[in-house]
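In the order they appear, the protein sequences are chains A and B.
Residue numbers for the first sequence follow numbering that gives the first Met the number 0, beginning at 0 and rising by one.
Residue numbers for the second sequence follow numbering that gives the first Met the number 0, beginning at 0 and rising by one.
The hints are simulated quantities; they were obtained by calculation from the structure and are not laboratory data.
Heads up, the beta-carbon is just placed ideally off N, CA and C, and yes, glycines get one too.
Treat the hints with caution; some may be incorrect.
Rough simulated footprint, nothing fancy, chain A against chain B, three-plus residues with beta-carbon under 8 Å [claimed, not checked]:
no. : region
1   : 53-63
2   : 131-140
3   : 173-186
Straight line, CA to CA, 20 Å or less: simulated EDC-like cross-link-like pairs of lysine to aspartate or glutamate [said to hold, decoys possible]:
no. : chain 1 : residue 1 : chain 2 : residue 2
4   : A       : Lys591    : B       : Glu173
5   : A       : Lys356    : A       : Asp408
6   : B       : Lys41     : A       : Glu64
7   : B       : Lys41     : A       : Asp45
8   : A       : Lys452    : A       : Glu441
9   : B       : Lys63     : A       : Glu64
Examples of chain A residues toward chain B, derived with CB under 8 Å [said to hold, decoys possible]:
no. : residue
10  : Gln27
11  : Asp28
12  : Ala319
13  : Thr326
14  : Ala327
15  : Gly349
16  : Gly358
17  : Val360
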Amino acid sequence: MANRTTITNSQLGFNNIKTSLRSYLDKQDEFSDYNFEGSALSSLLDVLSYNTHLNGLIANFALNETFLNTAQLRSSVVNIAAGLGYTPRSAKSAIASLRITANLAAADTRPEYITLAAGAVFDAKVGTQTFHFTTTEEYIAYDNDGLGIYTFQSDNGTSIDVIEGTRRTKTFLVDTVTDDSQIYVLTDSNVDLSTLKVYVYDNINSDSYEEYTNINTLSTIDENSTFYYVNETYNGFYELNFGVQATLGKAPEPGNVIRVSYVAPSGSNANGIRTFTTSEKVTVGGQGFLISVTTVTPSALGDEKESIESIRINAPVSYAAQRRLVTADDYVGVISNSIQGIKSINAWGGEDNVPAKYGKVILSVIFEDDVSTSNQAVIQQKIVDEVTDKFSIISIDTEFTEPEYSYIDINAQVFYNENLTGLTNKALESIVRNTISTYFNEQTGKFNDIFRKSRLISRIDDVESSILSSVVTANVAKRLYPTLARPNTVYNYPYDYTITYLNPIKVPTSVGYTVISDSFVYGGQICQLTNVIGSTQLQIVDLLGGVVVNNIGYYDPAGGVVYLQGFLPDSIVSGKGYIKISTVPSSDAVIKPLRNSVLTLGTTTVTASPDVNKANSLIDQASIISTLSNLNE
Amino acid sequence: MAYATDLDQNRRPINLHDTRIKTVVPEHFLEQYPDFITFIEKYYDFLDSDGNFGYDIKNIQYYKDIESTPRTYLQRLYEEKAPGLSTELFDDPRITLKILYTLYKIKGTGLSVDFFFRHFYKDAAEQVFPKRQMFIVGESEIGVESNKFIQDSYFYQIYSILIRSGVVPNEWLEIYKRLIHPAGFELFAEFVTETVASNIVIGGSGALGTSPSIVLDSAASTLSISETGTITFSSASSLTGVDSDISLRFIVDEPAVNLYDSDEGVPLSLLGTIEYPYMINIQNEYPDIKSLLNATSPTFDDSDYIQMSNDYMTFDRDEFSHYPSVGPDSA
């Protein structure tokens, strides 16, 4: 992760500047005998310091806006990214798949087929807000079953994609071109660039036009190529650029009319919609027939314009990828820039997979919260169709695997000075618990997010001024979804399980368990899984510690793996379908996820206690001072 | 603060900033208020002094220039154009950043491997495709002589690459995988070492120190200095030979070359003598070290050592005996 701190090239505080300036002038021979505290000189120093302060601020702003990682303005970030060949993602329309039919059973004569024009509107209401979804192309329906029910067809069968947003059109008249570079600004910051259509008409009255396409879709360019390229302007609008006449691409000529059409979407607000209505009709023999609609896939993939933070991450990676997928990092960069609906993605070569899968690149995706399961499959297919199949090395396939969560159980002991707070133990514990939760919300939950205990401790120590110190231990837990014994069944076969942890597990000691599970029912008794004290052998014990099964497997401390052999519980006490198996890591200082592992917060236990270290108490400090004073006398 | 770049820019300064207090204040100020003029000039000097922004303001146009930007800001450029890399990783981070784009364009190719090692490690690495040694039914000849191997889904397979270089894999692997390695291909590394064939200086202030250890080649029973190699003995120097089989250590001393057990501190036996002078061509004088030894003398085996071996050294890990998968996880 790049360093996000801003550049500070000089002291910016007014007082600091004035002190420095006075000190500097003091050292000059010409002013060595001047009294800078005198009112006139002091006033002069004030004025100059203020001037310095302002200029210093401007200098810092300018420096910070120079670099991608320190720039604060979107325009700066976008421009630097443009220098890296990166176009930030525009806003994106939500897409829904609908099944659209028309019942013409009552028609006097049934046509062979009917059409649904591009731009047919389907409405969806969420609360008080209405979203408009439209078709993007013309569809045809046939009366396949002979009953008069016409179902519109697409390449995907009977699923018709509709996109959310309002289609807008802008018209530009090409005036006298004074130079080779023609720029036309769409005064709209809310544009789904994937829906952009550019037509150039001969003149204002002409019906004949040429369509210009995005430069990224071209395979060759010559003087007759009709392309445009689009980029974000300093104020968030988009500007269209055309080729350079007679050399690189065709440019509209004076008198031509440029009509630009695009969809202005509502972004992620239009995601997750399941109910659509329409007043569209099909006219047959002068008679209008309402069409009906059912939802195949709820709306998804609507998104806002790419954020500054996202650009900071994706632009360098995209630059390194050069629009090709070779290294594992290339997959992450290109897919992140191309596909909506992804919160986090990780990629690794099949050679690094366990087990190895040569000739494959494995992807694991955490989707945005509002992406349904069916849309997740759609997104995965889009990744393959639109990115990996197009830009990866030939013969390298793409495979997906689910994210695997590791739960970090935190036990925090906090010691505080009672004299510095009016908070009760419980109140302090609650604050610390919230701090831990905030830390995990901010620092984990995505691929490659690392847990660093020292950072967590720093936050806990800083959250309340009365906290003097804290001790934090972190255990790593995984969830096992075991096959349960079927009641009243003769043939119940136990299963073996291998549970891999991220870090090595602590070697067994004579004190305390290093592996322990929550409760489940085994052989009719409520039990837990633990290691044998001082051993890596695993056993099942009842709540009183009595051994139910002496050897149910073992764990490999160095490899961080728990092996269960012949495990068949009756049921799980929590009723959640999984058994949590916690381990004490050999070191909990840093827990780093690999591949499809993702860290998240498990349980949190916080204990706040008044600090009993007398050296820290005010009374004892006073007593020490008194003692020292006596000694000096 | 004042920054210094690594390089002489050798360009005409773009910046023509200058404080011209005397030309902008009213003329009579020069006579009536000279201290004020000095005061203001000193103020501008202060702005350009260490810790102030004057320097940055005047040089801001250089800061996106890879060649001219201070090291502080070079790292910022790395964050933009070399994600995951740092200026500290390279001897010449400026040139590296300049050519990185070229490397990005050719990543995954044989050329990129050559480019990578030559530029970053000054080494001529070789990229080997084990699939070319795979036995192909109907095409490859049967028998050991054909030097073809059955596909093992590990080393001998389509998706494997062997990098043979003179740089220890731990040094290059992480950067290699991040920059150019095609994901999906198993990566193997061979660390190639070669005998130093040039003259060896023993003792004195030479780089090899006063008592370098040299291991004798048991296979040929010769001291494996190249044919033209010479050993220069300076005063108070010694050459140590190690017999790995019986863990005895021998010292080849000057002016007479005596081989004796250094652990015991006394000559094991007088094994041979090389006449003074200091310049001696061992290979020419004693092509067979056995001639220096008694019949009962131990033989020399350097198989566990790399210093004098012309062989490739492989890293033996995991389940595959010779060509283990190496390197950090790309995930």
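Here is what the structure says about each hint:
1. Only when three residues or more bring their CB closer than 8 Å to a CB of chain A does the claim for the region 53-63 of chain B stand; here the count is 5, and the claim holds.
2. Only residues whose beta carbon comes within less than 8 Å of a beta carbon in chain A count, and the region 131-140 of chain B has 0; fewer than three means the coverage is violated.
3. Only when three residues or more bring their CB closer than 8 Å to a CB of chain A does the claim for the region 173-186 of chain B stand; here the count is 11, and the claim holds.
4. Using a Cα cut-off of 20 Å, the hinted pair Lys591 (chain A) and Glu173 (chain B) holds, with the two alpha carbons roughly 17 Å apart.
5. The suggested pairing of Lys356 (chain A) with Asp408 (chain A) is violated, with an alpha-carbon distance near 33 Å, which exceeds 20 Å.
6. A hinted pair counts as satisfied when its Cα atoms are at most 20 Å apart, and Lys41 (chain B) with Glu64 (chain A) does not qualify at roughly 30 Å.
7. Between the alpha carbons of Lys41 (chain B) and Asp45 (chain A) the distance comes to roughly 15 Å, so the proposed pair stays at or under 20 Å and holds.
8. Between Lys452 (chain A) and Glu441 (chain A), the direct Cα distance comes to roughly 14 Å. Compliance with the 20 Å bound is thereby established for this hinted pair.
9. This hinted pair checks out: Lys63 (chain B) and Glu64 (chain A) have alpha carbons roughly 11 Å apart, not beyond 20 Å.
10. Hint status for Gln27 (chain A) relative to chain B: holds, with the closest Cβ pair at about 5 Å, below 8 Å.
11. Interface hint status for Asp28 (chain A): violated, as the beta-carbon distance to the closest one in chain B is roughly 10 Å, over 8 Å.
12. Look at Ala319 (chain A): its Cβ gets to within about 5 Å of chain B, closer than 8 Å, so that hint holds up.
13. Taking 8 Å as the C-beta cut-off, the interface hint given for Thr326 (chain A) holds, the closest approach to chain B being about 6 Å.
14. Look at Ala327 (chain A): its Cβ gets to within about 4 Å of chain B, closer than 8 Å, so that hint holds up.
15. Of the supplied interface hints, the one on Gly349 (chain A) holds, with its beta-carbon coming within about 5 Å of a beta-carbon of chain B, less than 8 Å.
16. For Gly358 (chain A), the interface hint holds, since its Cβ comes within 8 Å of a Cβ in chain B; the closest pair sits about 5 Å apart.
17. Look at Val360 (chain A): its Cβ gets to within about 5 Å of chain B, closer than 8 Å, so that hint holds up.
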